[in-house]
Structures are given as C-alpha cells and as structure tokens.
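Asker: Sequence:
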Amino acid sequence: MSELPASDLLFLRLQEAVAGRYALERELGRGGMGIVYLARDVHLDRLVALKLLPPDLAARPDLRERFLREARTAARLSHPSIVPIHAVEEAGDLVWFVMAYIPGESLGARLRRQGALQPAEAARVLRDAAWALAHAHQQGVVHRDVKPDNILLEAGGRRALLADFGIAAPLDGEGGEGVSGTVGYLSPEQAAAERVDGRSDLYGLGVVGYVALAGRLPYLATTLAELRERQFAGTAPALASVAPHVPRALARSIDRCLAPLPAARFQNGEELAGALEELGQGPSELPAPLRVWLTRHVQQRTITTVLTAIWGIPLAMSSLFMLVADRPREVGVMTLMMATVVNLPWVAYLFTRVFHTRRVLRAGYTGQDLLLALRTSAERRREERAFEAGRPPTELGRLMRRLTLGAFAGALVSTGALLWLPSWLVPAGLVELVWVGCIGFTGFGVLFGRVFPGREIPTRDWMAELRVRFWEGPLGRALMRVAGWRLGATTVPEQVLHRPTEVALGEAAGALFKALPAAQRRDLARLPDEITRLTAQAQAMRRKLDELDDLIAQAAPTTLFDGVKPAGDGGAGALAEARALWAERLRETVTLLESLRLGLLKLHAGSAVPDTLTADLAAARELQERLGLLLEGAAEAERALAPRGTQP
71 MSELPASDLL FLRLQEAVAG RYALERELGR GGMGIVYLAR DVHLDRLVAL
121 KLLPPDLAAR PDLRERFLRE ARTAARLSHP SIVPIHAVEE AGDLVWFVMA
171 YIPGESLGAR LRRQGALQPA EAARVLRDAA WALAHAHQQG VVHRDVKPDN
221 ILLEAGGRRA LLADFGIAAP LDGEGGEGVS GTVGYLSPEQ AAAERVDGRS
271 DLYGLGVVGY VALAGRLPYL ATTLAELRER QFAGTAPALA SVAPHVPRAL
321 ARSIDRCLAP LPAARFQNGE ELAGALEELG QGPSELPAPL RVWLTRHVQQ
371 RTITTVLTAI WGIPLAMSSL FMLVADRPRE VGVMTLMMAT VVNLPWVAYL
421 FTRVFHTRRV LRAGYTGQDL LLALRTSAER RREERAFEAG RPPTELGRLM
471 RRLTLGAFAG ALVSTGALLW LPSWLVPAGL VELVWVGCIG FTGFGVLFGR
521 VFPGREIPTR DWMAELRVRF WEGPLGRALM RVAGWRLGAT TVPEQVLHRP
571 TEVALGEAAG ALFKALPAAQ RRDLARLPDE ITRLTAQAQA MRRKLDELDD
621 LIAQAAPTTL FDGVKPAGDG GAGALAEARA LWAERLRETV TLLESLRLGL
671 LKLHAGSAVP DTLTADLAAA RELQERLGLL LEGAAEAERA LAPRGTQP
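Throughout the sequence shown, residue numbering follows my numbering, covering 71 to 718 in sequence.
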C-alpha cells in the first residue's frame, strides 16, 4: 500500500483534531500563510472555511504569532464587507481559525479568468472594499496588503468582501525594519518602510481598481527596488490614458487614490466610498419616453438624409450638366428646385422633432430632463467609441482608404478638367457618370472601413457632442419652448432621472412661479430669467470643479525617498484654493435658489407678499455679477494659458 501524500496526511490530521465539530470536505486553496479547507459545521449545519497554518510554519514563533494576529484582528471587525471569523483554535502543532465560507472566487481569480471588469462592476467592488477599509480604520487597523487576491466576490450576489488581515497592524504602529505587502500594490510610504496609515490602504485599493479596469499595474515592477525607482521617477500614467472607456468620474477617483503624497488622496474610506456610490450602481436606465426621444431622431435623420440624397444628387447632376452646356437660365431654375427639395425634408424633420418633444413634455418630463438624457447618451457613446478605438487599423483598411480618397480626388480633378473643355468635346452625361461612380465607390469604402478600419478610430463622437450643444443652444431651447407652448396639464412621470441639486431647485421654483396668479407673476416678471441664469451658472461651476479636481490630481508632486524634498507642491495648493473658491460660490448659488423656492412656497401659502422676494432678487443680481466676472476671468486665464500649455 502506497504512502499517502503529505497534503492528505495533513487533511487527516486536521480532521481528527476537529472531529465531532467540523467535517472537512475538500481543499479550497493555498497561500503564503495558510491552507484553506471547505468544511461543514456539524452543530449549526452550515458551510465554513478553515484556514490552517502548515505545521512547518507553525513551528516558527514569529509566523505563528502573525497567523494568530490575523485571526484576532479580523475577529474584532464586524462588517458586511469583511469575512467574519467564528473561532480560533490550536491543537499541538496545528493552528487554525474558522471563518465564514464565501461561495465564489477572488477578484484576482476573476481577472485572470475573464480579464478587466466593466466600469460599473469595478466601481461596486471598490466601493464595498472602501467601506470595509473604513470600518477597519475606525477600529484602529490598517490592512497593508490590499490586492485582488484578498478581495472575495460572492457568487450570485453583488457583494465584495475583504479578507486576509495576515500582516495588518495598529494604525499607531511605527514602520518596521522590513517591508510587508505585495510588490506592485505598495504605497510609496509603505515601500520606503515609513509609517503608514489608512491612506496607504486606499493607495493599494486604487492599484486594485487600476488593474481591474486597465488590466495592468500602474507601475510595472517585479522587485521592491524597481518599484521604488519607478515611484520616485514620477506619477503613474493616468487611468484614462490606458483605459479611455472608463467614465471620467471613476478614473478621477482611482487616480486620486494613486497620488504619491497621502495628503492628496482620499483621506478616509468613507470619502472614497461616497465618491463611488453612484458609479457602482451601473448606468442608470433612461425612462422609456426619453429613450424613444433619443432614438427616434436617428431613424428620422437617416430617412431625411436618404431623401436628400435621392432628390438632391440628380438635381445637382442636372445643374452641373446645364452649367457645362452653358444654359444659365436652366441652371438658376434647377438651383432653386434643388434648394427647395433639399431643405424640405429637413423642415419636416424639425417639425417631427418638435412634435416628439411635445409628447415627452406632456408625459411630465422637462427640458432639463431632455438635456440630461442627451448628456447621458453622449457619455455612453464616448465609452462605446473608446472600446471601438481599441481596434488597430488594418493594412486592407488602409489600402481601401487610400483608394477611396484617390477616387474622390480624381472625381474633383476630372470634373474641373471637363468643365474647362469645350462642350462639344465632352460626351453627354460624362460628368454625371464620373460623380455617380465616385459616390458609389466612396459609399462602399465607408462601409468597408466600418469592418476593416483604415485609421485609428477617434474616441470622441462629434455628432453626439453637437447634438448636446444644439439643444443647449438658443435654437434648441427655442424649439423646446415651441414644443411646450400652451401645453396645459402634464402627467407625473413614473420614472425620473437623477438631477443635480441646482437643476431640481430651479425646476421646482419655475413650477411654483407658473402656478402663481397672473398679478403676482407680473410683479415678479424677472424671476424666471434670474432662476434660469442661476441654474446655468451653478452647472458651469460644477463642471469647473470637475476640471479642477483633474488638475489637482495631475499637479501633485512625487514623493522623494531619503532625498531632497520637492520644491513647492506642483501648483496643487493654488489649485486647491481656486477649487475652494468655486465650491463656495456654488454653495452660495444653490442657497440662493433654495431661498427663491422657499419664498415662492410662502407666497402660495399666503404667508408672504411679492415684495418679500425683492431682496432675494437683488442678491441674485449681485451674485450673478460676481459669478459673471469669475467665469469671464477663468475663461481669459484658460485662453492665455492655452498656447503655451500647463507650466510645470
């Protein structure tokens, strides 16, 4: 009879030690500090996981103490996103602890199996881990080894749990002589064996997010010395530069976690979790009326474009033929017909857009809802284009692109040459034939390029951005006003979009104003315009805050280990002061909008008169003047800096 393998002998020894309480079923995995078995709690009839320190390691007092420290540390942490410890036991040279069994796999296993995560899923995992770290830090514990293999993903659920506190230490503990952790996930201060706190864990979590979304480490290093050298050389590449499909807010949060200086990162797990809260819920589904409004125009625009081509191309060819035949009178008639026929479908297109916009407004949605839907659609399209841009150009695509451009250029040159020749030398219909062939070949080339790209696909969707600008501009707002003219009663929408605070307050104030008696509306005739301007300025300030967050993350200097400290802060301090100013102005604007809404509510309740809003209107005008100067100054500064770029 052959001798059993050492692993089987260890399995039998552990089973003997826990007999009557736990029934071991199989080995789940092995790590540097233990072997994990799946077992069944006999008394409670539940599955548990037993983590055993191998006897050869248990014989070393330092490793035995470290293993027990993990159990004791994790046992006093009670949080839904931390794997709970049920018991810690010893029997001779065997040391183990019992923890909850989490069916599923680690984040590391998931990434190795299927590659990078979708942004919404990654944000959810990071959010859960951030809440777990926040709880651990509140209990005075820093993990020090946050990595994908220590984050468990529950099967069939939407929960991520933090595990393996094997090298955790008290928050007030000084850095030891050695460096504990996993190379690639160490913060700069941890790699330098300096004192660490909870912000070091947030750095590690930022690396986890970077790997989960980009499929690579921010610093490609295999040794501690190499990692320190790369961290010393400069900041990690921005996540957006290696994973352009990641939403801007998520990429910005991860980049902030990776700031070299702890002061530039999120200061605690709650702050990071709050930033990830909405991102982890996935792309919000637009209500059906808004989806119809967004997609219907694509069908209508396609039909309009086809009709324009069907009617316009023959007329253009006929006009060109009349011009070549030196028949100016007919050319004028054909040009007039072409202008009428070409514009008629687009007039009909605008009419149908107004009609569909009116239907959406009647369903209870507002113009701001339409604009939010447009921005959401443009953001999703940007993510899709970023994915499409991952396809490299092909040689076949490049060849077809050259042929298509050559055919178009050849048609232009041929037409110019034919127009200069005497009419009796040009066969009838030759110019039209050249252009029909050119258009046909160009169309084939465009369709061919969709499958085999001949150049790098741009990540920006200009059409989606132009749509947003059109509806935000004066013509788009005029069409919305026409669509809402004498609309009458509207229904309450079954599903609404998340609206920024200033938008919600502005819409509420606008609705209250419309419900006032005619006499009071006359007394407060300037109020709607003031509300609209305040709302627009608040939205502009919110966008400015996002831009400043990006600049602050880019300006943070690199930590210098045991060397000359960086001169200055890279401009981060001045940017932070500017951000504080913009944030204060945004707060003042939102507060003023709330005051206007409250004043209108009091008017409806009969506890105020229109004169009580006069002071608020005066304050609104004064604030708008200050905001206008601030916005103009920021625009002038950006224009002045644009030619020479950002200064180091």
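Derived from the structure by calculation, the hints contain no laboratory data. Predicted model only: the values in this text are computed from it and were never measured. Check the hints yourself; a few may be wrong.
[Said to hold, decoys possible] With a straight-line Cα cutoff of 16 angstroms, these simulated EDC-like cross-link-like pairs (lysine to aspartate or glutamate) come out:
no.	residue 1	residue 2
1	Lys614	Asp593
2	Lys614	Glu577
3	Lys614	Asp599
[Said to hold, decoys possible] Per label pair, the in silico range of CB-to-CB distance:
no.	residue 1	residue 2	range
4	Ala581	Leu615	38 to 48 angstroms
5	Leu98	Ala606	49 to 59 angstroms
6	Asp616	Phe425	33 to 43 angstroms
7	Arg265	Ala358	20 to 30 angstroms
8	Arg432	Phe540	15 to 25 angstroms
9	Arg228	Phe540	35 to 45 angstroms
10	Ala418	Arg228	44 to 54 angstroms
11	Trp416	Val362	18 to 28 angstroms
12	Gln85	Arg265	41 to 51 angstroms
13	Arg228	Gln85	54 to 64 angstroms
14	Ala595	Glu449	34 to 44 angstroms
15	Trp416	Glu654	42 to 52 angstroms
16	Ala606	Thr292	48 to 58 angstroms
Backbone N, C-alpha and C define an ideal beta-carbon position, used for all residues, glycine too.
Asker: Going back to the hint list, which numbers does this structure go against?
Answerer: 1, 2, 3, 4, 7 and 13
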